[in-house]
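One-letter residues, chain by chain:
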Amino acid sequence: MDSAKRASAPRTHILDRQIVAAGKGGKPAEVSLSAFSFLFSEMVQYFQDRVTSIADLERKLEEAGYGMGLRVLELQTFRERLQKRRVRLLPMLQWVSSNVWKALFGKTADSLERSTENEDEYMIHEREPMTNSFVSVPADLGQLNCAALVAGVIAGVLDGASFPARVSAHNVEMEKGQREKTVFLIKFDPEVLAREARLG
Amino acid sequence: MFLQLFVVNKSGGLIYNQNLSSAAPRLNSNDWLRLGSTFHSLHAIAAQVAPVPSSGIEKLETDTFKLQSFQTLTGVKFVITAEAGTPDLGGVLQEIYELYTDYVLKNPFYELEMPIRCELFTLYLEELIERHSNAGGAPGGGGGGGKKPAGQY
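Chains A and B, in that order, give the protein sequences. Here the first sequence is numbered in our numbering, starting from 1 and rising by one per residue. Here the second sequence is numbered in our numbering, starting from 1001 and rising by one per residue.
A portion of the hints provided could be inaccurate.
Heads up, incomplete: computed chain B residues facing chain A, CB under 8 Å, no partners named [to be verified]: (1) P1115; (2) R1117; (3) L1120.
Worth flagging that the hints you see were computed from the coordinates, not collected in a lab. Note that the coordinates shown come from a computational prediction; the quantities given were computed from them, not determined experimentally. For glycine and all other residues, C-beta sits at the position ideal for the given N, C-alpha and C.
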C-alpha cells in the first residue's frame, strides 16, 4: 500500500475495510517485499531453533503455509465471486498456478506440468519463489528449500477445496551459470483420482 | 579499477573480504584480519584526534591507490580500495550497502556480526563490480540500472 493511501485512510479499522477492494487500477494491493522478507526470515530462524533436522524445518514451514493456504482459498473465492465450486482436478490446478499465484506473488507460476511417471503427480515450476529472493542456504543445510512455506500454501488451498494432496518443494539443478529453480511436487491422495475417474 | 573490498563489523572484526581484480595484492587470511582491525582502530582514533567534529576516515588518496570507507548507522564499515585516478567510490559503496541489506540482513541463516557467507551477496557483488568496471567506473554509476531483482530497504 502506498503512503498516500495510508495517509488518506488512517482511521479505518482493518475489519471495516472492503474485503473485495483492490489497490490502484484494479491491481491487487501490494505488501512491501522487504517487510515480508524480514518477517519470513524471523519465521525461519524461530523454527530453526525448535527443530533438530532439515526435514523437520521444512515440515514446520509447510504447516505454517497450510493455514495460510486455507485462508487464501477462502479470500480468493470470495473476491472472485465464484458461483460454483471447482470440482475437477485440472481447472483447480490451473486456478492455483495462475489466479492464486497472481494474488500472492503478482505473477503466474512459470509452468504447470503433469508427471510422466505417476498420474497422481503434478508439478508447478517456479524459477525464483518469492520466499527465496534473499535466502542463501548454507552448505551444511544441504537441500533445504525455504519455499516449503509456499508448498504448504498450495497444500492448504488444495485440501480446503477437497483435493487432499502432499505438496513438497524441491531444488532442481539448472545448467551451469543459472540459479537452481524450485519445483513444487503435488501428489494427490488416491480418493481424488478415484473421484476424478467417476466424473469421467 | 577496483582492487579490494572488506567489511568490518562494529567491534572491529573482519566479516567479509574480497579481491575485486587480479591486480590486487594477495593477502592471507591473517593479514586480512589484521588489516580489518587496524583500519577499524585508525578510524576510531582519527575521529577522536581530529580538530573538528569528525566521523573518522572517509577517504585516503595516495600516488598508487585510493581508499574509501563508508560507515553505516549501525557501525558496519565498508571499505573499498581502487587504483589511483578512479572516480568517486561513494556510489559503489552505497550500492554494496544496498546488497548487504538485501542479501545478508534478510537471509535467515546469517548471524549478525559473524562472517558473511551468503552466496547471493557474493554473486550480486561480482555482478555489480563487473557492471561498474565495464562502464569505465562511472561515478555513482547508473544505480538501479542493473538486473538486480526488486529490493528496497
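These are the hints, each one checked on the structure:
| no. | hint | in the structure |
| --- | --- | --- |
| 1 | P1115 | violated, 12 Å |
| 2 | R1117 | holds, 7 Å |
| 3 | L1120 | holds, 5 Å |
Violated hints amount to a single one, hint 1; each of the other numbered hints is respected by the structure.
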